[in-house]
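S.K.: Listed here are the chains, written in short residue letters.
Number of protein chains: 2
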Amino acid sequence: MNIRQLIEKTRSYRRFDSKYKIETDTLVSLVDLARHSASGANRQPLKYILINDTEKKKLVFQCLAWAGYLTTWEGPDPEERPSAYIIILGDKEISDTFGIDPGIAAQSIMLGATEEGLGGCMIASVKKEKLRGILEIPLQYEILLVLALGKPVEKVVLETIDKNDVKYWRDEKRVHHVPKRPLEEIILSK
Amino acid sequence: MNIRQLIEKTRSYRRFDSKYKIETDTLVSLVDLARHSASGANRQPLKYILINDTEKKKLVFQCLAWAGYLTTWEGPDPEERPSAYIIILGDKEISDTFGIDPGIAAQSIMLGATEEGLGGCMIASVKKEKLRGILEIPLQYEILLVLALGKPVEKVVLETIDKNDVKYWRDEKRVHHVPKRPLEEIILSK
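Sequence lines, in order, name chains A and B. Per our numbering, the first sequence starts with residue 5, numbered consecutively. Per our numbering, the second sequence starts with residue 5, numbered consecutively.
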């Protein structure tokens, strides 16, 4: 796959085959992609917690909000939950701010996941203090993002945006539709 | 190239062959990679200005700070300056905050650039109000980031970090060395 194919295939997936197992080594290799990515002033303040243990996954799941626009959907049923999570933290002993590093790291990890035949979702809507308590994350680390990863079982289709409405929707076949702004709208001048 | 090779090759480059020309279509196709990437709550608040015109490039260059740790280097000489810039803006009529979107977009663009045989640098240290004035960027748009792009003429080598010192350095052959934290340091638990 070239980068265009890889990026087009890297959609936000929220339903997975929960029986699928992601090995720790796979998670480590994904973090290694983030490690090799750019970091503001090369400070590299991001730290990672890898979760693929059944009990811990249950605890992390309780801290996540899913698909804000699908108001009647509470999130994936037990058989469609993620196989693993990568929690991205900012080490405040290294830097007070984390700039664009979390986005860079998350994108590298998600592209790597796609190449592995996986998929997932970058979740910023996290009950952070609950997660901190459950995993006993020291205050030195700011909780920035949770990446949910698994073997996707849903189809995601891109649509052209209509009347500035960015809300994604699910059709009767549970296909997930995501409206995207066209190039003409996002390039102001060239 | 697989994603690992692509990410490993995507280093921050600051010296380019300024004679090399990057076509507008190439810049548009790079923005299209960002367009296909994830966006928080699918709001897609990022907008882009593409610069490859000689006069405008000179103006943009004046607004950028280069390689903070190379204190005796003022930035690239005229013959080693970027061939193009992509300015990433946040549209405040769409969202007040831009979350991790700029990092995701910048990483997609830089990976695409590498695949095109190009390279560049994500520059957050920008004289924003000067740039706003020069390019007459309306206040509706927050200036988030400038991506400098070109045909790299420098060699960049990754090193293992020593004593927590994140400063990159240039050796007598002008090879650029970048210390990276090892996996053991950035993965807190697995």
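Be careful, since some hints might not be right.
Because identical chains cannot be distinguished in the list, a pair is counted as satisfied if it fits within a single copy or across any two copies.
To be verified - Once the Cα atoms are required to be at most 27 angstroms apart in a straight line, the calculated DSSO-like pairs of lysine-lysine come out as:
1) Lys171 to Lys96
2) Lys194 to Lys177
3) Lys167 to Lys131
4) Lys132 to Lys194
5) Lys96 to Lys159
6) Lys167 to Lys155
Calculated from the structure, these hints are not laboratory results. The structure presented is a predicted model; accordingly, all values stated were derived computationally and were not measured.
S.K.: The structure should be examined with respect to each hint, and the outcome stated for every one.
M.R.: Hints, one by one, checked against the model:
{"no.": "1", "hint": "Lys171 to Lys96", "verdict": "between (34 angstroms within a copy, 18 angstroms between copies)"}
{"no.": "2", "hint": "Lys194 to Lys177", "verdict": "neither (40 angstroms within a copy, 37 angstroms between copies)"}
{"no.": "3", "hint": "Lys167 to Lys131", "verdict": "neither (32 angstroms within a copy, 35 angstroms between copies)"}
{"no.": "4", "hint": "Lys132 to Lys194", "verdict": "between (41 angstroms within a copy, 19 angstroms between copies)"}
{"no.": "5", "hint": "Lys96 to Lys159", "verdict": "neither (39 angstroms within a copy, 32 angstroms between copies)"}
{"no.": "6", "hint": "Lys167 to Lys155", "verdict": "neither (33 angstroms within a copy, 40 angstroms between copies)"}
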